[in-house]
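Protein chains in written order, with this note's numbering: chain A, 1 to 315; chain B, 316 to 651.
Fair warning: there could be bad hints in the mix.
Said to hold, decoys possible - The calculated lysine-lysine pairs, modelled on DSS-like cross-linking and capped at a C-alpha distance of 27 Å, are:
#, chain 1, residue 1, chain 2, residue 2
1, A, Lys97, B, Lys459
2, A, Lys179, A, Lys192
3, A, Lys20, A, Lys36
4, A, Lys20, B, Lys648
5, A, Lys310, B, Lys465
6, A, Lys20, B, Lys544
7, A, Lys310, B, Lys459
8, A, Lys197, B, Lys352
9, A, Lys97, B, Lys354
10, B, Lys354, A, Lys192
11, A, Lys205, A, Lys310
12, A, Lys198, B, Lys352
13, B, Lys644, A, Lys179
14, B, Lys459, B, Lys544
15, A, Lys307, B, Lys352
16, B, Lys465, A, Lys36
17, B, Lys647, A, Lys179
As the list claims (entries may be wrong) - So, partial list: chain B residues that the calculated Cβ filter (under 8 Å) puts toward chain A:
#, residue
18, Ser346
19, Val349
20, Ile356
21, Glu357
22, Val366
23, Phe370
24, Ile374
25, Leu378
26, Pro475
27, Val486
28, Phe491
29, Thr575
30, Leu592
31, Asn635
32, Ile637
It should be emphasised that the hints constitute simulated quantities derived from the structure, not laboratory data.
None of the values given here were measured: they were computed from a predicted structure.
No residue lacks a Cβ here, since even glycine has one placed at the ideal position from N, Cα and C.
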Amino acid sequence: MDISKKHKDLTGQFFIGFTKFIFFLLGFVLLLVLGKIIYEGIGIISLEFILDEPKNNMTEGGIGPAIFGTLAVTTIMVLLSVPVGVSAAIYLSQYAKDTFFTRIIRTAVNNLAGVPSIVFGLFGLGFFILFIGRNLDEVLETGLLWGQPCLLWAAATLSVLVLPIVIVSTLEALIAVPKSHIDASFGLGATKWQTIKKVVIPQAKPGILTGTILAISRGVGETAPILFLGAAFFLPNLPIVDLCIGDYCIPMINPSEQFMYLAYHIFILATQSSNPTLTMPIQYGSTLVLIAITFLLNITAIILRYKYRKQLGKI
Amino acid sequence: MVDTTKSVDKIKNEDSELSKSESSLYGKKISINVRIKEKIIEYFFAANGIVALVFIILIFVFLFREGIQALNNVGILDFIYFDQIQIDKSVQRLYEWYPTSSEERYSLLPLIVGTLLTAIPATLISTFFGVAAGVYLSEISNPKAREFLKPMIELFASIPTVVLGFLMLVVGASVFDDLFHPSNRLNAFIAALGLSFVIIPIIASMTEDALRSIPNDLRMASYGLGATKWQTISRVIIPAGFSGVSASIILGFGRAIGETMIVLMAAGNASNITTDLFLSVRTMTATIAAEMGEVSQGSDHYYALFFIGIILFTITFFLNLIAEIIINKMRKKNIF
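Just chain A, same shape as in the assembly (with noise of 0.2 Å):
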């Protein structure tokens, strides 16, 4: 009996053992995956690694460009996604009751999340391009100016694959404001209008801007929807127009055009090099520059849902 009891004690040690070993396993390769990152991207990493256009054949220079198309296509995409997200998602948490329709948003939502990023592709392709872009074309009588891969249609599909991300990020922070705050903005005399400007928003704020945070390093570290919607190898002229009214011109982002992008950037060089040796640390460079900004952004993310959350405990 009591050994059988030792005996027990000790396989229950061990796994216990084993599954700490496990976590650390795993932590201690995450480790080793960044630490070869860093290690082989530090000794390129310059401000003219950053700005400069890639040279000779992409085997010297930047990622100047790529780093420009990137901002510029989540810029956009940030512009089309939030502000249809967060209002939807207000929607479902203040207005909607609890009906077989906002289930079904609710459920289409969900699901959405989880479908393969290279299938959005083909609905950018599908949609944006051929029907949309084809139709806009002919109406404008433009030839072919938006039926074709660009810009726009590439911000706007990756716009619907953060759309499930923004949605949900801000629906957890609308429901997490307490009814209480609610119902007393209500017994003021408050209109519904008034308590979700003023009580309900501002305290979703954090929540909301995680929402936009993730939906960004989402957006900068995607590749396969945007492998045929406009994605270039290399372009020598940033996609740049510049919108003059009068005299006075301001360069804009043109949407209507093909654009570089740091996450292809490394696809291509990695994959279709002409001498993958010798852009070795080019590849790791742009990797290096790409971890750094998606990392930056969730450590916000995850700092502002924690602020957030303690602030909901305090209260």
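The hints should help you fit chain B onto chain A, whose structure is shown.
This is chain B only, laid out in the frame that chain A set:
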């Protein structure tokens, strides 16, 4: 002074107007104007909810609109095999994906085999590591460490897949090649290893959520009966959280099937029908990614790629649905 009296008068006027229009909202009388404004705002938000829904429907519609054409142009049997007539007029049945040859071959079997050969090992590896990590986080680690470790897992999950594909291609494959000398340098197993980087965090964090939501009474009751920590974990906590854990594995499997960049870069992209993990394979996602850019729109090949998209969409949609149903059932039982 004058101003305030004026505004008081105004308020009095409004009050009398309010009592005339006996409209009430939340038990308070409110003017028609405000009600209209409130309604407009509500409809604005509702419209955005509908926009979100419309895009979900559109994905479905456009995917199917293009993909269903494939059944007209290519035919359902052609997606399974291709009968090649030899010089001696005998027929050779080919299971090949070779859409650019003079005799176009559209068999999906090698692609499906390739997808499963990367996704299943990846899910198995990830289940082992992911569940262990989840159990550690929820039951074994001390709560203060957890505050720090859980975000680490989230950070782990945020590594762009193109980076993982790159590392597998450049480092992982070389190390593996030196150690084990596989038949192909880039193979299904290398891709599966890369995929597990994506899936382990998903399984780990969902497992942790599921186990942590199990009421503490259960643990205490188990300890009260004299069970050790490991007995409590293995016989009480894991069975109680089983549905949550299985939901996370299903989701992970769906992610493994749908992941593109890692398999595109590390699986070797040669369509083989094989069970050999160390041969190059080509997955459904990688096929779309690699071929969509060069295909001419409206060709049989183009529609065939959309057809693959339909298959991927359907599989992942149903896997997600199953996982969601399981989680909802758990919530109803008040365990999750």
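So which hints don't hold here, by number, going up? 1, 4, 15, 18, 28, 30, 32
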